[in-house]
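Residue numbers (my numbering), protein chains in the order written: chain P, 1 to 351; chain F, 1 to 351; chain S, 1 to 351; chain R, 1 to 351.
Watch out, some of these pointers could steer you wrong.
It does not matter which identical chain is meant; a pair holds if it fits inside one copy or across any two.
[Claimed, not checked] Derived lysine-lysine pairs resembling BS3-like cross-links, with alpha carbons at most 25 Å apart:
| hint | residue 1 | residue 2 |
| --- | --- | --- |
| 1 | 264 | 190 |
| 2 | 163 | 88 |
| 3 | 43 | 191 |
| 4 | 88 | 75 |
| 5 | 264 | 43 |
| 6 | 264 | 314 |
| 7 | 163 | 190 |
| 8 | 75 | 264 |
| 9 | 75 | 190 |
Hints are computed from structural coordinates only; laboratory data are not their basis.
4 protein chains.
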Amino acid sequence: MAGNTFGEVFKITTFGESHGAAVGVIVDGVTPNVEIDEAYIQKQMDRRKPGQSSVTSPRKEYDVVQIQSGIFEGKTTGTPLFVVLYNKDMKPEAYNDIQHSFRPGHADYTFLQKYGIRDHRGSGRASGRETAARVAGGAIARKLLERRGVEVLAYTQEVGGIKCQTFDEDVIEQNAVRACDAKAGAEMIKKIEHLASIGDSCGGIVECRIRGVIPGLGEPVFDKLDAELAKAMLSIGAVKGIEFGAGFEAASMLGSEHNDAMNKDGFLSNHSGGIIGGISTGEEIIFRISVKPTSSISVTQQTINTNGEEVEIKTEGRHDPCICPRIVPVVEAMACLVLEDLYKRQAAIFG
Amino acid sequence: MAGNTFGEVFKITTFGESHGAAVGVIVDGVTPNVEIDEAYIQKQMDRRKPGQSSVTSPRKEYDVVQIQSGIFEGKTTGTPLFVVLYNKDMKPEAYNDIQHSFRPGHADYTFLQKYGIRDHRGSGRASGRETAARVAGGAIARKLLERRGVEVLAYTQEVGGIKCQTFDEDVIEQNAVRACDAKAGAEMIKKIEHLASIGDSCGGIVECRIRGVIPGLGEPVFDKLDAELAKAMLSIGAVKGIEFGAGFEAASMLGSEHNDAMNKDGFLSNHSGGIIGGISTGEEIIFRISVKPTSSISVTQQTINTNGEEVEIKTEGRHDPCICPRIVPVVEAMACLVLEDLYKRQAAIFG
Amino acid sequence: MAGNTFGEVFKITTFGESHGAAVGVIVDGVTPNVEIDEAYIQKQMDRRKPGQSSVTSPRKEYDVVQIQSGIFEGKTTGTPLFVVLYNKDMKPEAYNDIQHSFRPGHADYTFLQKYGIRDHRGSGRASGRETAARVAGGAIARKLLERRGVEVLAYTQEVGGIKCQTFDEDVIEQNAVRACDAKAGAEMIKKIEHLASIGDSCGGIVECRIRGVIPGLGEPVFDKLDAELAKAMLSIGAVKGIEFGAGFEAASMLGSEHNDAMNKDGFLSNHSGGIIGGISTGEEIIFRISVKPTSSISVTQQTINTNGEEVEIKTEGRHDPCICPRIVPVVEAMACLVLEDLYKRQAAIFG
Amino acid sequence: MAGNTFGEVFKITTFGESHGAAVGVIVDGVTPNVEIDEAYIQKQMDRRKPGQSSVTSPRKEYDVVQIQSGIFEGKTTGTPLFVVLYNKDMKPEAYNDIQHSFRPGHADYTFLQKYGIRDHRGSGRASGRETAARVAGGAIARKLLERRGVEVLAYTQEVGGIKCQTFDEDVIEQNAVRACDAKAGAEMIKKIEHLASIGDSCGGIVECRIRGVIPGLGEPVFDKLDAELAKAMLSIGAVKGIEFGAGFEAASMLGSEHNDAMNKDGFLSNHSGGIIGGISTGEEIIFRISVKPTSSISVTQQTINTNGEEVEIKTEGRHDPCICPRIVPVVEAMACLVLEDLYKRQAAIFG
């Protein structure tokens, strides 16, 4: 109800504020007898952590994961896994100046309107720090999906108006923005560094490809595969849109162009993005999300304070000028959570 | 689990195939003591029904709603409402030729892959006919939202590449495509009639504006208002993408442009689309969806049959060359369901 | 939330008032490709219907089931089944005298307190008529359990202080009270007929045995097999208690007596009732429920009316002097729903 | 699905094994702006902890609670509370001898059958240690219920065949078995000490009274107040039965005896136990549970090992000879969880 649980069978419940003691996740519905260790999860955490490069925040969150239940002698037992990351390097006093003002683009105003109280320190629960728990839970889903032969791969497709022209899987983890085109990636980095130098930020587009999914995944009529992925992605703070396959292009196509014809080897095109009628076709699943520019900028902006008075604000601090490279592992994590859950839901109906 | 229920507090569960006896909906969690009658629901059904104009399917579904429980002396009792529409004008034999072939763009292939069996008659449960139950349930949500002063308005923004240039609320229900620009609407109708004459179809963009929502709606971190709306919209068969506020444009904006500044009268812009941090700001909520071209076309297409043999197919029958005008009331219905549910979820937490 | 849905994977949602147009059920999560027909469901409905014998209400509800979706050519398709029973033989005017008074033992007072409105005709949604939809849904679960080799058998164990002394499975459906001891059953019938003649009623105990369940069913820590069965049984209107295995006797046993020892052939006793730690052991599952005397009696009783004034009331009408024989199929239906759901939940976790 | 979450709006999700690093709970759906501190929770933990008296296990679990999220400046923020208890005084090697044998009455056998793997150390997740997380979550519900004027009071009513003859609220927390009759309590203690001396154990009956609940709580038809309480209580490991009001006595009463008549001051009796039609009447809610004798005894018992060979077993270690006094706070915690959740569900429907 309160929305801190995601999934139906393979289910995560998260907690934790940016400057609280810890962020963590209980993962329920985990297949028993599967080998999982902290190092496997840590690898995904390291892809999300700040301070990785010149284009990410210099904060050090020391995202060291600990598994505190659900594992016995290196294997899952079928009982809930608890994975926790204790917070360190917290500087709550750095946020004193924003305690009584609403930063534009931030959830300061809406959280206060909703709950009548807010933990302003580092945005509290509205902080991107919250996604660390998603990545931890998603790593466990990823482990289970590996056994099914499913691969989930996200990458930056566009930043600040600069688009990738090629798709080269091998370069993604080799450049600081996680672009799929090394040349475009280099330009993106320059652009981000420039924006950082003037205290501004920019958005971008992240694309995700999923391979190896059986045909048949997704639960019509409401819990379609694309519907579940859309919810998962829009639940990430900075995401403002999603499209599957031909996406918004489909709006100006003819039926005779858009329909994916088949021959005995399979589909002849993939305008559907691997999903028809809310069910996977067996083709590559492909979607793109729009990522808004980071709200925290040190440019002076106009806003109001909690007394309703007009004030100016300038968010100092250690922020990412472009969130795309760090959102990539979060997108993958959320996609893994959706897929593993739907595999188990499919098993339930036939079980 | 199987995905035929939508919502958590205000909750609908639907059933029904295109050529079965009926489609219907159980609506649970309805506020007691509210006046609701069949005429109110019927009005929404009539906006969705086929045969309204030259640009919709000539089928006659006789969508006459009946409320069979949950009402006593004209008022809701707090027990579940059951609303049913008996099917008529069914011609299942019209589908005999597609019984053993997979129509491109249709869910024929994926349903068979998923369930190992499929009701091919008029696409069975994958038919757009299923959305009639959503509109019936959504009408009840709309009634409850009226009492809150919330208005939900969807309309066609683009069809076959023709875009609306103005926004005139009054013309929407006056033109057959439900465009918000009468002149563009007239061009769209011509384009659709032409495509119909050559057996092809086209897609479009539907926009939705929601007014009167309190600030504070939406349940972070996973059940954000935009996440729930995205799921709702992508659960509609033909929808391939959604964007909120600046949407995909946000990807190429700077933070200093995108952030919505505030003064004492409120927000100075609405790039966020009325939602920040997954919670309503109190501004107009605005989103757009991409609608794919109707899959059913009478152009000859290449496909395979259930034996895996290559065949050609040409879908005859009574189909909509562009689904936008009839998807408009479905979009509104789904938005109403999301909003009424989130209002009740908000009440639960404080209750 | 509003409580008209039962189950997580195999899930029923019901609607309908005693004197409304119909009662019905949507069954979601049904295994595809299973043969089910109306006759199979009807057989269970006939065991629940009134007018079966001298000890049940003479009302005729004409419980004729119709399946209106989810079946294609005699087999389930994986889409929701809708099963409906249209109401007939309604005499709402028979309830005019109780419109403004609260019948002792009935939910008249509590429904009005809860919802602020009530459909008084035949108790509306609080009527035992509501259980018809459960029996319809339970019949579908029973069909699926047959394929697993699971049998669910309930019967009357005690009525009005008269206890069964033997357990003879073959006589259960041969006597009007569904007692497991023909001799005790004959005495029970006499007692019930006498109470009916003086306008009073009595309670009893119904026992249920479940055979053929695999070891391993049940979801600790909260959704234990006994916890789910307890909820299911207490959700039936007249039930006031439940006990498993040794039950309330366990309270006065020693650990050395109660613990079920094992040898290589299995358990040496079954004080646990086939459930340990909330998980099935593979032994027979056995529980008993306490059924209160029917509230509707024609003895004069003291009560108040909706104005808070003291009045006398005497409930005329067509009521069961003892509900045990008709509650037996409802107990079986609810047990089937719990079991099929837990089988599918077990499959989900490993799936 | 996997059953580690309880509640719908006010919802707890727990994790933790007896000899793992910690047990803990995420509490979601907490009313914002309520003062809660660790001391309030600790008080309930101390009532549950072992080592309180001569009749409880001498283990020291050091149940020191820490709240690690969801609180800001002493008040709830509406975001999830995380409450954790780190385990100490663990002696996993004490369980080496039972690693390969199934202790009679324990969940050793069923857990292995279900999951194919088990953490045998101190029963792993099947340990009573798991209920510490319930008491922590229940304390938060209790805090919210205090604001509503609701009181939940459980106590031992019977132990080893010795029954309380009086009900004296003031003595409950003054005697080591938490009996409501000081004299009976003293006899119970003697009996338990004797059984402990010979390595055996006994069961008992715990009763619970709930006062101050508004009329109208409970969600028919499936989520009735008594159905939800029954599930909650049967989800506690040692509980084998529950009865409300007249309970199993109702089975031998006449309708004219059992029906609770009313006059203008309210109900004239309370055979219903404060619940009619699954909804609270406003009277005291009263139920009793049957608690089985502790399974862990040092009497020699017959069992099998994981190879299916017959062996003898004798459970040494630090166990409670009667679990009643320590189950009392768990019963209260579960009742609080059910009530707070149903209050919020009621608010949702009208909200």
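Hints, verified against the model:
no.	hint	result
1	264 / 190	neither (47 Å within a copy, 38 Å between copies)
2	163 / 88	neither (36 Å within a copy, 52 Å between copies)
3	43 / 191	neither (28 Å within a copy, 53 Å between copies)
4	88 / 75	between (29 Å within a copy, 23 Å between copies)
5	264 / 43	neither (41 Å within a copy, 46 Å between copies)
6	264 / 314	between (60 Å within a copy, 18 Å between copies)
7	163 / 190	within (14 Å within a copy, 36 Å between copies)
8	75 / 264	neither (42 Å within a copy, 29 Å between copies)
9	75 / 190	neither (45 Å within a copy, 45 Å between copies)
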